[in-house]
Amino acid sequence: MAETQLQTETHIVTQTPLRPRTKTVVFKIKRQANPDSAAQWECFEIPWKPGMNVISSLMEIATNPVTTGGVTTSPITYDANCLEEVCGSCAMVINGKARMACSALVDQLEQPIRVEPLTKFPVVRDLAVDRSVIFENLKAVKAWVPVDGTYDLGSGPRIAPREQEEAYPVSRCISCCCCMEACPQFNDDTGFVGAATIAQVGLFNSHPTGKALKHERLAALMGDGGIQECGYAQNCVEVCPKDIPLMRSISEVSRDVMLQAVTDLFRR
Amino acid sequence: MATPKIIVVGGGLAGLSAVIKIAEMGGSVDLFSIVPVKRSHSVCAQGGINAAKNLKGEGDSTAIHLDDTVYGGDFLANQTPVKNMCDAAPGIIDLLDRMGVPFNRTPEGLLDFRRFGGTLYNRTAFAGATTGQQLLYALDEQVRRFESEGKVKKYESWEFLSAVLDGKNVCRGICAMNLRSMEVRTFPADAIIICTGGIGAIFGKSTNSVVCTGSAQSALYQQGAYYANGEFIQVHPTAIPGEDKLRLMSESARGEGGRVWVPKQKGDQRAANSIPESDRWYFLEEWYPKYGNLVPRDVATRAIHKVVYENELGIDGQPMVYLDLTHIDRKILDKKLEGILEIYQKFVGDDPRDVPMKIFPGMHYTMGGLWVDFNQQTNIPGAFAAGECEYQYHGANRLGANSLVSCIFGGFVAGPNAMRYAKNLPAAASNGFFEAERKRQEEMNFGLMNNEGTENPFRLWRELGELMTRYCTVIRYNKSCREADSKIVDLLERMKNVNLSDRTQWANTSVVFTRQLYNMMQLARVVAQGAARRDESRGAHYKPDFPERDDKNWLKTTKVSFAPDADEPRFQFEPVDVSLVPPRPRRYDAVK
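Going down the list, the sequences are from chains B and P. In terms of this note's numbering, the first sequence has 203 at position 203, counting the first letter as 1, and numbering is strictly consecutive. Convert by adding 268 to the 1-based position in the second sequence; the result is the number in this note's numbering.
Just chain P, with the same shape it has in the complex (with noise of 0.2 Å):
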């Protein structure tokens, strides 16, 4: 039979780890990404990846591993991927090492680990303060030898717009719009993978990069794919702010022994360097004794709230508080952190190994996503995704040095089911619909270059934005959450009103965005509601008025899908697989 062909949309490393499987079974693969693989969001991510390696004589292994992830999660993740996953991480750690990627060592040359949140192993890998950078270009750099033996192609500078289903429903190809030409085309292939990563854009300022929107997500979620856990949004305790985004501030900085405090005294002016011990108060070490620290991020970021919002003790009054490293040793810093350091140095302007930073918590990463199966296809049959944009391995809440092994591990999975499936497929009765949905597509194009209004789209971006992080992110109630629904329904209406100041052909980066835009907002009703509606609180999702975790009525997967008709997501509720971890409290302040 012919060779099989699959689309890969995205190019961070749940995408490139699906290509480089593909690739070696045999298969041909299209690679599409909106910017240059190499420039991916993965690129971002700083502290490390976890394996159970065990090299520090601690005792670790993959089942403690799958505990402290299902029980970081607040068991609301499948437990069985979730142990196919950490069963394959010291599997996946040696591939990416012998792929080159210059991971810290041990003074005999092994892989050296340090400890994460959420963990009292010593189980992240890491290279330096740029793991993500460096595991990325491991796998850019073999994609590309397979692009320089021709079973790959790749589409860069190309936007995924949306599947293309036959009559049956079975995803056939995909539609795509060049970011240049402004061409949109159709692309044929027996099986497609989604890969592209977070929805950091509907909440206007966050960690993600510019490329994170959702978009794609949110296409195949109005197509007709389940949506899963959509409420679920880590904020990540200590960000950086900023007038563009909110820089991260990795969890390693706490896991090289990094602290948080703020001065006892409301309104102390003094500079933090001039503050003693005495006056200063390391809320998390007191409140959580054995993790310190290193509490898993929704409890950091619950707690950091706490101190600027209830007790009012933000720095000068601001919500910010301090991350301190200056007691650490500056050439063990340098050697450990100097990455992340250097970002702090250049965005704000001071040096962290000298004075103290200033951080807050900042909208991260979503749990939830494409709803997928075991085998990471979702309801359409021939749409499979991988990585950040499908809900599979971090429950309700994810572990730091968790993402990049659940990302790469899902494209490895990803990868050869695509393949096998493609193998089975019968071909499509007719192959009209491919036409049906570039007319589709284009005719949006159409209608929004022509559209005579006077809404800016970059300006609706920024209401959506301070919405969503107002109403739905660290703290939630109820009535918020749904005012925030309905103030999206009001943004969606005024969308009918845009106007873009750019009408021309070529590299329109305002049509684009708009489209994203909307996508966006279809997406934000997912989590709103989704937020509305689950009366407990779980991971990182917390409602004052219903402060405990109910398994009685809510340990099931939340699951939307859209409803063209009422233009509306549509909710549905599923069992979670417990089969290997029973569920118990989830307590960091005492042994768990």
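Isolated chain B, as found in the complex (with noise of 0.2 Å):
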């Protein structure tokens, strides 16, 4: 059903040649009204604008939620707040790759540009999906350093340069969980956390006040759903916007499980 309706817009923009000669942009975009429906693909034909990118061609479209058809429809739902590659909201799946959609620039993508919600993650509407899973993990690996209080209790511990540089990177991550859309092993079988909140593990247990919960990070990564689900396929350094060196904290935080299930296995 899906595929038919794709084809019939297609044959549309084909069949039009002879618009005027002001340059236009063709989108094709999944649609899914709710989580229960099934999914469609509507095509728009939008001009173009220099500098433009998928998320200000949306903002277009709602302007004039008309498809190439001709069908009046309605403004596409999709996560978007910062515009900046800051917030974390607007992963798509943008011609066949999870990326953020403010920094998608139309003249960088092939037309018809193809924009579909994240594949891993239940579909609210259109093209916004609930990605709470990733709140919850990091709830569950404890992602906090444990201060006292709010309390003036004068400055925090030393760090040194070259430390400060390492946990920078990390701290980039934006939670907008294109890592574990990428990777193979992230799915209901396995249960795997992903790459991002094994970062954050990996990151916590490094500060020098952080590391005070780390015995109870690395128990949360052992087991069905843990580490050891990491194929090492590295999709997710492939993806990932913010550059973060997901595959060395793996690596890491993986060792740091190891140690840890053996001392633990002698303590018993």
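Derived from the structure by calculation, the hints contain no laboratory data. From a predicted model like this one, the values you see are computed outputs, not experimental measurements. Quick reminder that beta carbons are idealized off the backbone N, C-alpha and C, glycines included. There may be inaccurate statements among the hints.
Said to hold, decoys possible - Just some of the chain B residues that point at chain P, by a computed CB distance under 10 Å:
#1 K49
#2 S57
#3 K142
Assembling the complex is the task here: the two chains are given apart, and the hints tell you how they should meet.
Next comes the structure, spelled out in structure tokens:
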């Protein structure tokens, strides 16, 4: 059903070569009215503008939500907020790749531009998905520094510039979940926690105060769905929009988990 | 007595700071946010956070921080709360440091500080070029910890619609809408804290995030809360023009030595790099030798406007000037500015390490906001506010890197004060107000859904944005501000003829947006009329017909209330607290 619709829409586009000379951009967008309904594709053609990206295109469609077939439809539902690739909201699959829509420049994409929701997370509507799993995971691994309180206790621990330079890139993770989308092991069968959460474990375990919870964090990564599920496909590093050294984090945390598993065994 | 229940609306720095204090004091918090709180607009702040820690041997002090802030704000800020903020700032930095914020370090392992606009001291702590993101994450993590302990309950994907007020106009909770199921529900609380950030969407394109519509503060204003100093809108001198938004190029680019220039020759066609020094005009350095490129934002913005529109020296005749970092060592740029350079590279396609950036001023911040007293309480008992959505700390112009500290400090004041208030609150006489408020909001939704008009709300929004940007930003004339107001009235009229192409009851963004748009328009009138009334130039508010600051007539806070009968703002003015730093002329072309 969905494929039929796509073909029909494609047909309409190719049938209209004699439109005015203004440059346009063609989008194919996978839509789904609610979590339980079937998906279908809709095609849109909008005026080209310099510097446009996928989000500005979705905004443009909202001002005139009519498909190339001339059918009036609804504006597309999607998640977006900062549009600077730092809030992590607008992850989508664009031309087959999981990435942030705000930094997906139209001029750098092959047309028609195919936009789909992330596939590993429940669809809310159209391009909006439910990624609450990442925040639950962060809770499970206690991804925080256990401070005593917010009252005045003087300055924090001294940290060498080199340590800060190691921590900072990992601390830039925007929880967009692209790494999980791209990971072959992230699925319902394995229940794998995913690269982003593991990297945060590494980050907090390396902090002078954060490491107080190191044992609990590593324990949370043992067993089913834990770090052992990683198949080292390295897709996560490929898609990470913030270039976080995820594989380095995974191997370091993996080593710590193993060490702790052995230690725990002997302590029993 | 029962555990006090506090509702915090908004999960940016201010909201999360309030939540942490309340949870720590044993209160119970319901935290409402349109987006998952980790995705709040605070993440966009780049350059840093101010605190007079004096770690560079410069003799900096919190008293000088107070003076810089008050002077930078052109003496419109009440000075007592500003002093409290500046005094608290060093402790706030220490706390954030303890929470694990990866601040940049000195070789000795101490916090590093950089210089920002409007000061001569290295007072700005920073974490790479993503300080706001790092601070927000630190607070988000602490809140997650409280959440796992059952002290905080998050309502993400819920939007605040209104406060629930009892017969005596005391706030008893909120009415909110689930952005997926579209359910409208009321939530009781002993006190609420509004921390809903900026109002950038009123200007169409700005540096703000999509959620920064000002809808919540506008709704509260329409329910009787005062809105203060709405006419003070900060236009950031260096934004990257874009189709969907104006992306900020942080002041830290200038803090680290970035230089603003244009070719001396009108219509110079050469590539930036091939224009020799002798043919470049570094106009900020020439006009303001003491502060150079680091004059405050309003001064830099007007200078760029002048060069582009009066001298007609914009690059290629376009409204753009160069912001040049290419003379700085790449390694230093990567270490200190990587995050912001990456933004330019990603969204424009050029590498600012090799090619000067093209920038232009863009709407960035509202100094005005909900009126609050020194305890962060609005004039509606039980309704508090903190962060950019209130007016208290920045006067007529905000200094760079003062926003993050004002958000956190505001939350730290609002949280405990809301708790204190809640503990002394007598019970409401009845709770029939909840049902009435829910019905009122549901009827609004029903009306929108079933309206058979012809207007597309997203197109109306573009008109509003263009109108406000053109008439109510950098340069203001009374005639054009009044014209803007009457055009907003037209837009409000056309809103009645709106037609939603989406009428479904699930994740309907059209309904949500149209409601926000109505609130934006009501608040836009406060900005436009406030700008028309204030016949002087002060901070970000500049009128060529009244080019001087006029303390005799205008050293006062604008305070606006909504008149429901007339459907318009009513203005009054109150004196400013100048008890600590006597007003003096504000000049950056000489030592202050």
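Given a cut of 10 Å on the nearest C-beta pair, is the interface hint for S57 (chain B) held or broken against chain P?
holds, 9 Å
For the restraint on K142 (chain B), tell me whether the closest CB of chain P is nearer than 10 Å.
holds, 7 Å
Does the closest beta carbon of chain P sit nearer than 10 Å to the beta carbon of K49 (chain B)?
At 5 Å from the nearest chain P Cβ, K49 (chain B) passes the 10 Å test, so the hint holds.
Going down the numbered hints, you'll see the structure goes against none, and every one checks out.
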